[in-house]
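S.K.: Sequence:
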Amino acid sequence: MSKLIDTYGRKHRNLRVSLTDRCSLRCTYCMPNDFAAWIPNDDLLTTDELITVIEVAVSQGIDEVRLTGGEPLLRPDIVEIVERIASINDAPRLTLTTNGLRLNELAQPLARAGLNRINVSLDTLSRERFKTLTYRDRFADVIAGLEAANSAGLFPIKVNSVLLQGINDDEAPALLAWALENEYSLRFIEQMPLDAGGIWDRATMVSADQIYKDLSTHYSLTPVDGRGSSPAEEFFINGTSATVGIIGSVTRPFCGACDRLRLTSDGQLRSCLFSNEEVDVRKVLRDPNKEIQEKRIEIASRFQKTVLSKLPGHGINDPSFIAPARPMSAIGG
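Okay, so the sequence shown: first residue is 1 according to this note's numbering, each after it adds one.
Keep in mind that a hint or two might mislead.
Claimed, not checked - Taking lysine to aspartate or glutamate and the EDC-like style, the derived pairs with C-alpha atoms no more than 20 Å apart in a straight line are:
| id | residue 1 | residue 2 |
| --- | --- | --- |
| 1 | 11 | 63 |
| 2 | 305 | 55 |
| 3 | 131 | 48 |
| 4 | 283 | 90 |
| 5 | 11 | 90 |
| 6 | 158 | 90 |
| 7 | 290 | 48 |
| 8 | 305 | 278 |
| 9 | 3 | 259 |
| 10 | 158 | 64 |
| 11 | 305 | 287 |
| 12 | 295 | 55 |
| 13 | 11 | 64 |
| 14 | 305 | 6 |
| 15 | 158 | 171 |
| 16 | 283 | 55 |
| 17 | 158 | 147 |
| 18 | 305 | 259 |
| 19 | 3 | 234 |
| 20 | 290 | 55 |
| 21 | 213 | 169 |
| 22 | 213 | 234 |
| 23 | 295 | 48 |
| 24 | 290 | 49 |
| 25 | 3 | 298 |
| 26 | 290 | 277 |
| 27 | 158 | 43 |
| 28 | 290 | 280 |
| 29 | 3 | 90 |
| 30 | 295 | 49 |
| 31 | 295 | 43 |
| 32 | 283 | 294 |
| 33 | 131 | 169 |
| 34 | 3 | 64 |
| 35 | 305 | 280 |
| 36 | 290 | 259 |
| 37 | 131 | 171 |
| 38 | 3 | 48 |
Calculated from the structure, these hints are not laboratory results.
None of these values were measured; they are calculated from a predicted model.
Please take these sequences and the hints and turn them into a complete structure.
M.R.: Following this line, the structure appears as structure tokens:
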């Protein structure tokens, strides 16, 4: 039973944990190619600190943890982190979101360590478009990583795709055909104002409505009942049990059922991806005047504070909305 209930009655069971703000790609919707405002290494939580916070979160009712970044597989102790989370009493379900570049070497070790499932970001089936989107020629590495995840049994494998006008906005049907062929679970995500480069433009964003329309020209889509707290609207494809998801973060907000909190790699709790407020737990962890049990009690209190400060929605569609100062890579995807 979650103890993390906000003033709107939402019970929080899911914690997104960013392990680093570094990334091996430069996806244009996430950060500029020349981005260099990295979090200082000394500010990043250590493995012991991460585990302490996650243990407290589990004691408060968190039952799913997703490791994110940046790119979480750049963390040199990633396998140890997974193993230690999986060893926590009443261990949470553990998933990870990655760009896939290191999956070929790490999928098996991660599965053995206790990782339950994986999300891989891939926005195009074209090597040339991949280079345009990411500024890196690593398309083949992502495909190899997906195959390695499949071999390691990290099911279901979810693939996240963002469509951008004039680059890959024509690929929705082809991406779905490829996902069905490979038995991946595909989810399209509306581009969000989290790039830190100021390129986001609502007028050129490929909307959930447009994605649905493009898919419907090739497939029969039937809504799946019982969405719950999932960010994706799911649709059965051609009357089968196979599904595709569309996450309309901007045009179809799902805030009313949100059950997620976030921990940044530098130890800040956030109630929402788009929040401009953070609650510092790193300061508690590094307080030399507190014993470990005192720290745990204070961290639990700060989880409560974060939840109680949560707004009813992210407010993107409000004229007064101010995008977070941090890019997605620093907050955690």
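S.K.: Hints first: check each against the structure and report whether it holds.
M.R.: Now the hints, each set against the structure:
Distance hint between residue 11 and residue 63 is fulfilled; the C-alpha atoms sit about 11 Å from each other, no more than 20 Å. As the CA atoms of residue 305 and residue 55 are separated by approximately 17 Å, the hinted pair is consistent with the 20 Å bound. A threshold of 20 Å between alpha carbons decides the hint, and for residue 131 with residue 48 the separation of about 37 Å lies outside it, so the pair is violated. In summary, the hint linking residue 283 to residue 90 is not supported, as the alpha carbons are separated by about 27 Å, beyond the 20 Å threshold.
Among the hinted pairs, residue 11 with residue 90 is consistent with the structure: their alpha-carbon atoms are about 18 Å apart, no more than 20 Å. Between residue 158 and residue 90, the direct Cα distance comes to roughly 25 Å. Violation of the 20 Å bound is thereby established for this hinted pair. With a C-alpha separation of about 16 Å, the suggested pairing of residue 290 with residue 48 holds against the 20 Å cut-off. The straight-line distance between the Cα atoms of residue 305 and residue 278 is roughly 10 Å, inside the 20 Å bound, and the hint therefore holds.
Between residue 3 and residue 259, the direct Cα distance comes to roughly 12 Å. Compliance with the 20 Å bound is thereby established for this hinted pair. A hinted pair counts as satisfied when its Cα atoms are at most 20 Å apart, and residue 158 with residue 64 qualifies at roughly 16 Å. As the CA atoms of residue 305 and residue 287 are separated by approximately 19 Å, the hinted pair is consistent with the 20 Å bound. Distance restraint check for residue 295 and residue 55: the Cα-Cα separation of roughly 12 Å lies within the 20 Å cut-off, and the hinted pair is therefore satisfied.
Proximity of residue 11 to residue 64 is assessed by CA-CA distance (about 13 Å); at most 20 Å being required, the pair is judged to hold. Taking the CA atoms of residue 305 and residue 6, the gap is near 9 Å; set against the 20 Å cutoff, the hint holds. The suggested pairing of residue 158 with residue 171 holds, with an alpha-carbon distance near 17 Å, which does not exceed 20 Å. With a C-alpha separation of about 17 Å, the suggested pairing of residue 283 with residue 55 holds against the 20 Å cut-off.
Straight-line distance between C-alpha atoms of residue 158 and residue 147 comes to about 12 Å, which keeps the hinted pair within the 20 Å bound. Distance hint between residue 305 and residue 259 is fulfilled; the C-alpha atoms sit about 15 Å from each other, no more than 20 Å. Proposed proximity of residue 3 and residue 234 is contradicted: the alpha carbons are some 29 Å apart, above 20 Å. For the hint pairing residue 290 with residue 55, the CA-to-CA distance comes to about 18 Å; that is within 20 Å, so the pair holds.
For the suggested pair residue 213 and residue 169, the alpha carbons sit about 12 Å apart, so the restraint of at most 20 Å is met. Only pairs whose Cα atoms come within 20 Å are accepted, and residue 213 paired with residue 234 is accepted, the gap being roughly 14 Å. About 13 Å separates the Cα atoms of residue 295 and residue 48, which keeps this hinted pair within 20 Å; it holds. With a C-alpha separation of about 14 Å, the suggested pair residue 290 and residue 49 falls inside the 20 Å cut-off, and the hint holds.
Between residue 3 and residue 298 the alpha-carbon distance is near 15 Å, which keeps this suggested pair within the 20 Å criterion. Under the criterion of a C-alpha separation no larger than 20 Å, the hint pairing residue 290 with residue 277 is inconsistent with the structure, at around 25 Å. For the suggested pair residue 158 and residue 43, the alpha carbons sit about 31 Å apart, so the restraint of at most 20 Å is broken. With a C-alpha separation of about 15 Å, the suggested pairing of residue 290 with residue 280 holds against the 20 Å cut-off.
A hinted pair counts as satisfied when its Cα atoms are at most 20 Å apart, and residue 3 with residue 90 qualifies at roughly 15 Å. As the CA atoms of residue 295 and residue 49 are separated by approximately 11 Å, the hinted pair is consistent with the 20 Å bound. For the suggested pair residue 295 and residue 43, the alpha carbons sit about 18 Å apart, so the restraint of at most 20 Å is met. The straight-line distance between the Cα atoms of residue 283 and residue 294 is roughly 13 Å, inside the 20 Å bound, and the hint therefore holds.
Note on residue 131 and residue 169: the hinted pairing holds, with a Cα-Cα distance of about 16 Å set against a maximum of 20 Å. With a CA separation close to 14 Å, the supplied pair residue 3 and residue 64 stays within the 20 Å bound. Among the hinted pairs, residue 305 with residue 280 is consistent with the structure: their alpha-carbon atoms are about 11 Å apart, no more than 20 Å. Between residue 290 and residue 259, the direct Cα distance comes to roughly 31 Å. Violation of the 20 Å bound is thereby established for this hinted pair.
As the CA atoms of residue 131 and residue 171 are separated by approximately 16 Å, the hinted pair is consistent with the 20 Å bound. Only pairs whose Cα atoms come within 20 Å are accepted, and residue 3 paired with residue 48 is rejected, the gap being roughly 24 Å.
In terms of the numbered hints stated before, the structure departs from hints 3, 4, 6, 19, 26, 27, 36, 38, listed from lowest to highest.
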